[in-house]
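With the hints as extra help, turn the sequences into a complete structure.
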Amino acid sequence: MGCLLEQSHLFLKTFEYKKGAAYPDFGSSAESYSSDRILELETLAPLKLVQPNEAVDHVENWYLFHDIPEPFTDADIEKNILNQI
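Under the working numbering, the sequence shown has 970 at position 18, and the numbering climbs by one with no breaks.
If you are wondering where the hints come from, they were derived from the structure by calculation, not from laboratory data. Please note that a few of the clues may not be correct.
When the alpha-carbon atoms are kept at most 30 Å apart in a straight line, the in silico BS3-like pairs for lysine-lysine are as follows [what the hints assert, rightly or not]:
id, residue 1, residue 2
1, Lys-1000, Lys-971
2, Lys-1000, Lys-970
3, Lys-965, Lys-1000
4, Lys-970, Lys-1031
5, Lys-971, Lys-1031
6, Lys-965, Lys-1031
Estimated spans, in silico, between C-beta atoms of each pair [unchecked claim]:
id, residue 1, residue 2, range
7, Leu-1001, Ser-960, 19 to 25 Å
8, Leu-1001, Thr-1025, 19 to 25 Å
9, Thr-1025, Pro-998, 17 to 23 Å
10, Phe-963, Leu-996, 15 to 21 Å
11, Ser-980, Val-1002, 18 to 24 Å
12, Pro-1021, Ala-974, 34 to 40 Å
13, Glu-1012, Lys-971, 14 to 20 Å
14, Lys-971, Asn-1013, 15 to 21 Å
15, Tyr-1015, Arg-989, 44 to 50 Å
Keep in mind that this is a model prediction, so the values were computed, not measured. For each residue, glycine too, the CB sits at the ideal point set by N, CA and C.
In structure tokens form, the structure reads like this:
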């Protein structure tokens, strides 16, 4: 899960993590990059050899909230964010 909270607005991205699967970039399932201009939240799927005519999916769920109080505890996150998705 990745998120960005800015002045009571929240962007939340969720995705499935497959325990025991091989992930790229030293086992990373998520990566981020930030500068003074951007924030990148990237999710990575497990490595898989794809055969001809085979397909794989990597699903991200995006949520945008407004008027979210800044969370300070896990209980705040549960109450104000996770209960809304």
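Cross-check of the supplied hints:
no.: 1; hint: Lys-1000 <-> Lys-971; in the structure: 14 Å, holds
no.: 2; hint: Lys-1000 <-> Lys-970; in the structure: 12 Å, holds
no.: 3; hint: Lys-965 <-> Lys-1000; in the structure: 23 Å, holds
no.: 4; hint: Lys-970 <-> Lys-1031; in the structure: 26 Å, holds
no.: 5; hint: Lys-971 <-> Lys-1031; in the structure: 27 Å, holds
no.: 6; hint: Lys-965 <-> Lys-1031; in the structure: 17 Å, holds
no.: 7; hint: Leu-1001 <-> Ser-960: 19 to 25 Å; in the structure: 45 Å, violated
no.: 8; hint: Leu-1001 <-> Thr-1025: 19 to 25 Å; in the structure: 43 Å, violated
no.: 9; hint: Thr-1025 <-> Pro-998: 17 to 23 Å; in the structure: 32 Å, violated
no.: 10; hint: Phe-963 <-> Leu-996: 15 to 21 Å; in the structure: 18 Å, holds
no.: 11; hint: Ser-980 <-> Val-1002: 18 to 24 Å; in the structure: 20 Å, holds
no.: 12; hint: Pro-1021 <-> Ala-974: 34 to 40 Å; in the structure: 39 Å, holds
no.: 13; hint: Glu-1012 <-> Lys-971: 14 to 20 Å; in the structure: 18 Å, holds
no.: 14; hint: Lys-971 <-> Asn-1013: 15 to 21 Å; in the structure: 19 Å, holds
no.: 15; hint: Tyr-1015 <-> Arg-989: 44 to 50 Å; in the structure: 23 Å, violated
Violated hints for the displayed structure, listed by number in ascending order: 7, 8, 9 and 15.
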